[in-house]
Amino acid sequence: MNFWLVLTVNSVTFGGLLFLLSAGFSLIFGLMRIPNLTHGSLFMLGAYFGATLLTGVFGVKLNFWVAAILAALGVAMIGALIERLLLRRLPGDALAQVLVTLGLSFIAADLCLMVWGGDPINVETPPWLGGFMRLGSVAFPNYRLAIIVIAVVFAIGLWMLLERTRLGAMIRAGVDDPDMARVVGIRVSQLFTIVFALGAALAAFAGIIGGPILSVYPGIDQDMLPLALVVVILGGTGSLLGSFVGSIIVGFIYNFGQALLPELAYFVLFLPMLLVLIFRPQGLFGRQLP
Amino acid sequence: MSALTVTGLCKAFGGLHVTTDVNLNVEPGERRLIIGPNGAGKTTLFNLITGELTPDSGSVQLFGRELTTVPSRRRAHLGMARTYQIITLFARDTIVRNVTLALLGLSKVRWNPLIVIDRQTELIDRAHAALKLVGLAQIAERPLSQTSYGERRRVEIAMALAQQPKVLLLDEPYAGLSIDERRDVQETIRAIPRDVTIVMIEHNMDVALDFAERITLLHFGKIIVEGTRAEVVADPRTREVYLGH
Amino acid sequence: MKPELNGRNVALAMAFAALVSLPFWVSGTYYINVSSQILFYAIFALGLNVLVGYGGLVSLGHAGLFGIAAYATGYFLQAGFPHSAAILLALVVGIASTAVFAFLALRATGIGFIMITLALGQIIWGLAYRWISLTGGDNGITLHGRPAPFGLDLGSASAFYYTTFIIFLIAVVACAILAGSPFGAAIKGTRDQPRRMNALGYHVWAIRFWACLLSGLLTCVAGILFVYYNQFISPQTAALTASAEVLLMVIAGGPATLLGPIVGAALVVIVKNVVSGYIERWNFLLGAIFVAIVILMPEGLVPGTVRLWRGGLRAFRRRRGIVLAQSAEPKP
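Top line first, the protein sequences correspond to chains A, B and C. My numbering numbers the first residue of the first sequence as 237 and each following residue consecutively. My numbering numbers the first residue of the second sequence as 157 and each following residue consecutively. My numbering numbers the first residue of the third sequence as 46 and each following residue consecutively.
Treat the hints as calculated values from the structure; they're not laboratory data. Using N, Cα and C, we set each Cβ at its ideal position, and we do this for glycine too. Take these hints with a grain of salt, some might be off.
Pulled from the structure, derived: some chain C residues nowhere near chain B, Cβ distances all over 12 Å [unchecked claim]:
(1) Tyr75
(2) Leu134
(3) Ser226
(4) Lys317
Looking from chain C toward chain B, a few residues come up when the C-beta cut is under 8 Å (computed) [as the list claims (entries may be wrong)]:
(5) Phe228
(6) Gly229
(7) Ala230
(8) Asp237
(9) Gln238
(10) Tyr247
(11) Ala333
Output of the computed footprint for chain C on chain A, the stretches with three or more beta carbons under 8 Å from beta carbons of chain C [said to hold, decoys possible]:
(12) 266-274
(13) 463-472
(14) 497-505
Take the sequences, apply the hints, and build the full model.
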């Protein structure tokens, strides 16, 4: 009984991290039609930046959340630069965008290996979240519960942003019909940079707050990117709800898979993908893939 | 038996009804003109007839054969061919290769990965014959990228004719042509033998009027008037929706 | 038809003669081995080119299929099968996996196809890592010895080179025949005008499916040669980097041509071997090449270098070699 409960909490936690990662991916893809294969790298960069800030730069040790936010901002800048300097030159050329983002992800992976070495870096849990919450005979790590809360807060925040603000209305218009959005005078160019930076920040933030659970290691980018892809294939592109539901599904399947069939955890991921692609190729909440 | 029968055809995209209860009856050998202003749903009607779009309800029959469940590629094999309003050709190939591809589409040989396409002399001869029908025989080997817009229109028609269809659907074959080019295409269409039934879409009524035996006027996805050329031209509703207000 | 005596045919004949006599004029096993690598990677690139160049379907998961064939060979050999049976079974497993792969990826075209193949490739890579009882995990599978067909021991570098060369020749001829065949024309047609192809009576999905299988067949053959060459297979073989490398071979040489992928394979293998002799940063270089190709040479490495060499920065945009295939359904 306890085992299942703990596993469930772990699944939801992981799903929450995946949501932060894939919401940005899905929005970028939905809005700009850019398959951003650097998304795993942005996650990894966030984690490494955060871990470095935490262990102290110039003798200054930062608070966990300050480090997380700074890391996210730093990666957001990198994201904005990638969009402005590279992707901007390749509008509508999906293959070129795939190749550039893929190339960048290789460069980023190699740079991280050069700077931070090949050994995993453990990220310490913020001290005041280090304990457990007891519910009857089961103890849940506070930190995992905190991640769930953060993911839900971000989900609500993103939903409000998309549904209740002017920026959100412009993004939605852009997702629905990019050409029309341009015609009615939305400054798509600026919007693209903002969304790309936002997606990058979310991925980086997920990377650092996932640190205490996953740790940071070379190759985490290549572990996370396919999970984000599977989430988007399941949930459908450009849909926040799709990312949320897809993330939770993948979180459960991945964690239960790892616990019950550790060797086949990746293979089990394949099954929901198979079902969705056969019966609903546009994803659970998405429109037709282009 | 009618060549083409359309019964109760309906199609909506979201809340937008683009085809509403359309009924058509085209006799074998007939020349039918479907007119209507832009956005009347003419091309959608073609896409529904060829099966490229699936209707919400209604049926399409080709010489009495029910086509509703027949996938669009099979309809080509049953004798239905079409041209596109927006020219849809293979830009990297020569003119004759374009037509050969059309012929291959109906041939079993199309699955064969082991023979040389250039040695399929029978197919290639038939492609040249089709090009002769549209007056392009002498430039058959020219790459498509070096042809004029009017010539491409005629390649479109040659590809459809090469398939020896029973029913030929022409989607605005005069669109974007100069007066001279239009005359050439008109000649080509007039020369098509009577064993081919033709349905043509045109939004500019004048250019296609002398071609039509019967005319169907489409407006907002509905048939407004149908009859002989004289009847439709004389009908006040035609004037109202079409010929000016 | 009599072969013409033009520059192109002379060059081809000279290349052929050079390849046949290679072990005699190349000094040292190392270079013969590099040549073998080039040849089986060329088979791999030719296989991917069927899909990418002719079909307009860009796969980022082909290393997964390559890996499956290689792993299957290793697995069946480990299980005690003779070489012939192991090779045959590996081909069957590889083709069957390709069929599943194609069936799922062909639910989409364009970017969708790329993303699904990427996800599938990564799942295969993940399996290679985690399914330790089958794949040996990070330790991989080690082979013991190469086959000796007709009493000819392939253990020596030149014997293996000649075997690879013969299979390579068969692959090149097969691709040449395919490219000039009605089915080849049909594949290219579905790349350029899927909607028109459908209206002309072609089964667009089935054509793409068969193109995937043909591509998978060459990929699996290359994978089997690879595992016999290295006598070792590990998850790295199935990684995204490997898929990207072979895609680079196709793009670099010029897609939808016969010689392009072969030249591309030679370039990538040579650069990789040279670079790894000096520095460890192959991935960095690979990434940088991708970015540089896209930004500086949108039409491909070989034609791009020629253009840059001639100093022409005019007509710099457009004309990329690859066209992404789109769906056969009309947009409403």
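Hints, verified against the model:
Every Cβ of chain B is farther than 12 Å from the Cβ of C:Tyr75; the closest lies at roughly 38 Å, confirming the non-interface assignment. The beta carbon of C:Leu134 sits about 25 Å from the closest Cβ of chain B, which is more than 12 Å, so the claim that it is off the interface holds. A Cβ of chain B approaches the Cβ of C:Ser226 within 12 Å, the least distance being about 5 Å, so the stated non-interface status is violated. Here C:Lys317 stays apart from chain B, with its beta-carbon at least about 32 Å from theirs, past the 12 Å limit.
Checking C:Phe228 against chain B: minimum C-beta separation of about 4 Å stays under 8 Å; hint holds. Because the smallest distance between the Cβ of C:Gly229 and any Cβ of chain B comes to about 7 Å, under 8 Å, the interface hint for this residue holds. At its closest, the beta carbon of C:Ala230 sits 5 Å from a beta carbon of chain B; the interface hint therefore holds under the 8 Å criterion. For C:Asp237, the shortest C-beta to C-beta distance to chain B is roughly 5 Å, which falls under 8 Å, so the interface hint holds.
Evaluation of the C:Gln238 hint against chain B yields a held restraint, the C-beta minimum of about 6 Å falling below 8 Å. Using the Cβ-Cβ criterion of 8 Å, the hint placing C:Tyr247 at the interface with chain B is satisfied: the shortest such distance is roughly 5 Å. For C:Ala333, the interface hint is violated, since its Cβ never comes within 8 Å of a Cβ in chain B; the closest pair sits about 31 Å apart. For the stretch 266-274 of chain A, the proposed coverage by chain C is satisfied: 3 residues have a C-beta within less than 8 Å of a C-beta in that chain, meeting the threshold of three.
A count of 4 residues in the stretch 463-472 of chain A with a Cβ less than 8 Å from any Cβ of chain C is obtained; the coverage claim is therefore met, three being the minimum. Look at the stretch 497-505 of chain A against chain C: 7 of its residues bring a Cβ nearer than 8 Å to a Cβ of that chain, three or more, so the hint holds.
Taken one by one, the earlier hints fail for this structure at numbers 3, 11, listed in ascending order.
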